[in-house]
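What follows is each chain in one-letter form.
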Amino acid sequence: MITVKDLHKFYGSGGSRSEVLKGISLDIEEGEFAVILGASGSGKSTFLNVVSGLEAADGGSVCYEDQDISRMNDAQASRFRKEIVGFVFQQYFLLPGLTVDKNVKMGADLAGNKNYRSLIEAVGLGDKLKKYPHELSGGEQQRVSIARALAKKPKVLYLDEPTGALDEATGRRVLDLLCRLQRELGFTMVMVTHNQNIAQTAGTVLSMNSGRIVERRRNSSPKTAYEIAW
Amino acid sequence: MIHVKDMSKMIGISIVSFCAVFVCALFLNFYLDLIPAKALIHTDAAKILYEAQCSTAKVVSIVSGGCLLFTTAVLLCFDIGHYIDARSRQLGVLKALGWPGFSVALHFWAFGPPVLAGTALGYAGAHLFMPVFYETQNKDGFLPDISIAFHPGLCLCLVFVPAAFFSLLAIACSYIKLKVPALRLIREQSLQKAVPAKRETDLPFLQELKKSNVRQRKSLVFFLTFSVFCFASTTQMSGSMTELSSPLMAYMILSIGVLLAAVTLLIATTSVIRANRKTIAMMKAFGYRAGECSRAVLDGYRPWTYLGFALGTVYQYVLLKLTVTVVFRDFEDIPAYEFDVPAMFLSLAAFLILYETVLWGYTKQMKKISLKEIMLD
Ligand SMILES: Nc1ncnc2c1ncn2[C@@H]1O[C@H](COP(=O)(O)OP(=O)(O)O)[C@@H](O)[C@H]1O
Ligand SMILES: [Mg+2]
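Protein sequences appear in the order of chains A and B.
Sequential numbering of the first sequence, starting at 1, is according to the working numbering.
Sequential numbering of the second sequence, starting at 1, is according to the working numbering.
No lab work stands behind these hints, which were simulated from the structure alone.
Just so you know, even glycine gets a beta-carbon here, dropped at the ideal spot from N, CA and C.
Relax, there's no trap hidden among the hints.
To spell it out: a stretch of chain B is covered by chain A in this simulated footprint if at least three of its residues, at any positions, have a beta carbon under 8 Å from a beta carbon of chain A; those stretches are:
#: 1; region: 211-219
#: 2; region: 282-288
Capping the alpha-carbon separation at 30 Å, the derived lysine-lysine pairs in DSSO-like fashion look like this:
#: 3; chain 1: B; residue 1: Lys278; chain 2: A; residue 2: Lys128
#: 4; chain 1: B; residue 1: Lys177; chain 2: B; residue 2: Lys218
#: 5; chain 1: A; residue 1: Lys82; chain 2: A; residue 2: Lys5
#: 6; chain 1: A; residue 1: Lys130; chain 2: B; residue 2: Lys218
#: 7; chain 1: A; residue 1: Lys131; chain 2: B; residue 2: Lys179
Not everything, but these chain A residues come out facing chain B in the computed CB check (under 7 Å):
#: 8; residue: Lys82
#: 9; residue: Phe93
#: 10; residue: Leu95
#: 11; residue: Lys102
#: 12; residue: Lys105
#: 13; residue: Met106
#: 14; residue: Leu110
Generate coordinates for the entire structure from the input sequences, incorporating the hints supplied.
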């Protein structure tokens with residue numbers, strides 16, 4: 001379970017100092033699929049970075065089970081990310097000099113996962129193992145990045161607008177893949193998006209507006225990626 | 001388009017051109033001033049000394065000055081290439097917007113001024129140092145008083161020609177680089193020119209990364225090897241110089257060699273890190289430790305640095321042996337030259353300390369690389 005209490009984050013200093021997260025409190029159950037919905041600039045990415053231990057908080061606390069992430073030093077945060085967190089970025093960020101299988105191996109090695117090839121097949125790229133990232137389409141790159149994140153067997157998968165750079169057909173395919181894998185493997189999934197429709201696939205929807213969570217909704221019957229409008 | 005902030009990063013270029021011109025100006029000026037003195041020499045002892053001085057001046061300015069000039073050229077080409085690679089995307093956008101490649105390339109004349117600053121200071125520095133230098137060269141008083149003259153031709157060749165040359169080189173380099181399609185520049189594909197592995201391997205990720213890094217960046221491998229080569233040869237040469245020539249010259253070569261090697265090593269490692277910033281940030285986000293990142297990124301180059309050291313050692317030995325046996329063969333009191341083992345170990349130790357310090361510094365710096373920074377990039 002992830003528990004966030006009165007989380008604050010500032011950027012800049014002096015006169016240009018601005019509060020990006022203005023006291024966020026929420027919790028996310030284990031095995032839950034939560035979507036954080038908000039307009040561009042509302043602080044979603046910042047929130048995700050802080051909750052996943054990529055950035056330090058300026059106030060409040062973020063706990064995963066009984067570990068307080070906001071109090072961790074660099075080494076501890078790095079270990080936490082290694083053992084608990086998987087991250088998928090809007091811009092994929094694959095390593096350009098390495099082939100698909102080596103990119104996925106980057107995640108797999110952290111968990112001693114020898115079986116990572118089956119994940120590449122699960123995301124439908126079994127025939128592209130030896131391709132380099134620039135030889136792949138956007139959707140394919142995003143699927144590699146998902147395989148890479150899952151290969152390290154994360155307890156929580158964070159995704160920052162994973163379909164934001166994809167067209168509709170590809171976006172649906174990636175979203176569908178994510179939802180299915182989440183149900184099969186049972187990890188916790190926290191996805192950030194500005195797309196209202198995508199929120200319908202999640203069990204929990206948290207709406208964010210200029211640094212605050214303004215609404216929390218439970219979704220008793222989540223739709224599949226092919227049932228929603230885009 | 002090229003900002004002052006960027007210029008400050010070119011300080012390495014200034015330092016290297018300073019060193020090169022300093023040494024060349026010192027010896028060449030001395031040589032040029034020595035020629036008219038020939039008419040005033042009558043005794044045999046003075047004649048022999050005169051010849052020796054002439055050869056030394058020639059050999060040193062050709063060997064070390066030539067070496068330094070070569071290093072400068074390599075360093076500059078490397079820096080220019082790297083600078084353009086780092087701005088590949090901006091340049092691509094300019095090109096995509098319809099800017100003619102040549103007018104963009106013209107902006108790169110700005111590489112000239114840092115070189116000019118270095119060469120001008122080097123030349124001025126040499127002139128300031130000349131009184132002391134001339135005195136030690138003629139400390140026995142065998143030669144007539146050699147007065148310091150200003151040679152405009154030398155000044156032109158050592159100060160203005162290199163600056164102009166490197167301005168043009170930068171323009172030409174960027175023009176060639178800009179000839180590729182705009183989209184390729186924007187996607188930074190010149191950087192990601194994936195060089196496939198010759199053999200399929202199934203190593204742990206960190207080792208795969210290490211190997212791929214060396215494979216993808218051959219120019220860096222060369223550059224790093226070269227900088228260690230310079231370090232090894234200059235430091236060991238100066239050790240032997242104390243016996244063969246004057247201690248003053250030994251110190252000069254030593255300090256210039258160390259300075260050069262430090263600058264090139266720093267530039268090389270900085271570019272390794274800069275080229276790998278995204279990879280490092282990504283690895284850190286996944287939970288790899290900073291030490292693991294720096295080792296994966298930099299350790300692949302280590303064998304090459306040792307190779308550079310070995311080559312530099314052999315090179316300086318052969319060079320000095322040749323100098324002693326060929327140039328000074330008519331002189332009886334020149335000591336026989338033997339390979340200097342302690343000097344080699346000293347130099348190796350110094351190199352290891354330098355290299356490890358740089359690595360350590362970068363590991364510390366790597367802790368600061370944040371994902372945020374590259375996401376906003
Ligand atoms: N490094 C930074 N320095 C200053 N301001 C920042 C920085 N990162 C984000 N911001 C600001 O914080 C706000 C929220 O950004 P972000 O979390 O990226 O929003 P979202 O992901 O919802 O679009 C924006 O107004 C943005 O300008
Ligand atoms: Mg965002």
